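S.K.: Sequence:
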Amino acid sequence: MLRSKKKSTNIFIVACLVLAFIVGMVGAAGAATISVEEGDSIQDAIDGADPGDTIEVGPGIYEEQLIIYINKSNLKLVGSTDDNGVPTSILNLSSFTSGYGIFIDQTAGVTVENFEVHSSPNRGVYADKTEGVVIDNIVSHNNSNDGIRVRYDQNGTIQNSKAIANDGDGITFYSYGSILNNLVSNNVERGIYVNVGSVSGTGMVTISCNEVYENENAGAIGSSDHRVGGIIVYSKAHDAGITHVTIENNKIYKNKGPGLLLYKINHNESIPGIVDPESESLVKGNTIFDNENRTSPSWGINPADGILAYLCHNIVFECNEIYNSTAGIRITNDYRYNSYGPTTNNTLKFNDLYNNKYGILVSGGENFQVKNTTVQDNNIYDNEEGLVNINNGDEIVTATSNWWGDSSGPSGEGPGSGDSISMNVEYDPFAAEMIDVCPPADCPSTGELREPNDFCAALFSVPTMSPLLLIVGLLGISMFMILRKEQKK
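No gaps in the numbering here: position 440 of the sequence shown is 440 in the UniProt record's numbering, and each next residue is one more.
Just so you know, these hints were derived from the structure itself, not from any lab.
Remember, predicted model here, so these are calculated numbers, not experimental data.
One should not assume that every hint holds.
Claimed, not checked - Straight-line C-alpha distance at most 27 Å; calculated DSSO-like pairs for lysine-lysine:
#1 K254 to K357
#2 K371 to K357
#3 K129 to K236
#4 K371 to K349
#5 K76 to K129
#6 K349 to K254
#7 K236 to K371
Turn these sequences into a full structure, and let the hints steer you where they fit.
M.R.: Shown next, in the form of structure tokens:
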């Protein structure tokens, strides 16, 4: 009798837990979908929406500015596209004299996708003090400031978008997070500018599969500003900021200044030196070429390097193809300032570096050196100079197993007739033939939308479901299965 009562009690508990799970799912299903057609007001729909709602905007031209406020968490604002995925919901801001195209203000979990935004008197899309914002398949062009800006987000995402012919940066990212599969071109200022100087704490940044070209690095950028280039990743000036960065499979060309500028990655000036010895960054599979020097009347030239890494630590540069640049890859303490440092523990491997002034340039500073630089298994050929190690005291660059363009090895301080090396370069043994490097990058074509690659995240992406109810429900199902098993014993 007691056993029967115990079973009944257990079954009752399980039933309650399962019911809680069902209630959670019903709550999730309560999120509304609101439709807006041309001639309707998108802002009215936003104002009337609850957190977690989806607003679907039909094709057409809408002459209004949009603001998503603090109380609209997990809102989805989704425009329309044609058969090729091109946005057909268009925000024309030409009649406005101030404000932004789409402004997402102090809210969490907001997604904006499938809009063309143009002719804004300020930024095209601006997310400020958000958390987990997703900006997806936006075409932002001919705006009077940045095409897309995200500020103070610990995990923001900009993906599948185009930022073209804006008067500011194409993409400005004062945040940690991801910038994926975007086309950024012909902007007056920078291409992609990441700066976490004003973001709290430390974090990570991923920049992958972007095409960045013909950005002028002019306009409002000061003549003494050294933070210029196609893609700039700028950590904090004095404190710890970006500890890990992944920059992979980007195509960067014909910008003013360096193709890729990395500034104080995993660096803390107050130590001074490395922030996290266990954190390793990756710069891999990028194609960089034909960038141009930017002349600064205040202090000189922003060189047209393929990659310029200043005061960075623990970065692996791998499988990059860089040509027609000042330095294919420059590792330095001496960029704008030369009295800080050191720079430590960077590795270059399986890169193709050719037709540059310098294949690789390692440059120390006034008081500090570039330490523990390893250059191995690279093709370094047809450069004016192959590898130069300057202003670096007695520090040795380990540069073994590289192809220098000739089976006899490097020239200069080396024994052969290949690309030259300077003093303080350890070159032996060297490769007698060209090295097989990496296969081509696996990226979506420009404008091709990414499919969700996390099945579990997609499966459980119910925006308004209580996490507690979800956990309780899953526990209930587990207990139910256990009790069923016990009853069969």
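S.K.: Please go over all the hints and tell whether each is borne out by the structure.
M.R.: Taking the hints in turn, this is what the structure says about them:
1. Under the criterion of a C-alpha separation no larger than 27 Å, the hint pairing K254 with K357 is consistent with the structure, at around 16 Å.
2. A threshold of 27 Å between alpha carbons decides the hint, and for K371 with K357 the separation of about 23 Å falls inside it, so the pair holds.
3. A hinted pair counts as satisfied when its Cα atoms are at most 27 Å apart, and K129 with K236 qualifies at roughly 18 Å.
4. Distance check on the hinted pair: K371 and K349 sit about 17 Å apart at the alpha-carbon level, within 27 Å; holds.
5. Between K76 and K129, the direct Cα distance comes to roughly 17 Å. Compliance with the 27 Å bound is thereby established for this hinted pair.
6. Taken as a hint, the K349 and K254 pair is honoured in the structure, with Cα atoms around 25 Å apart against an allowance of 27 Å.
7. Note on K236 and K371: the hinted pairing holds, with a Cα-Cα distance of about 21 Å set against a maximum of 27 Å.
The structure fails none of the hints (numbered hints given earlier).
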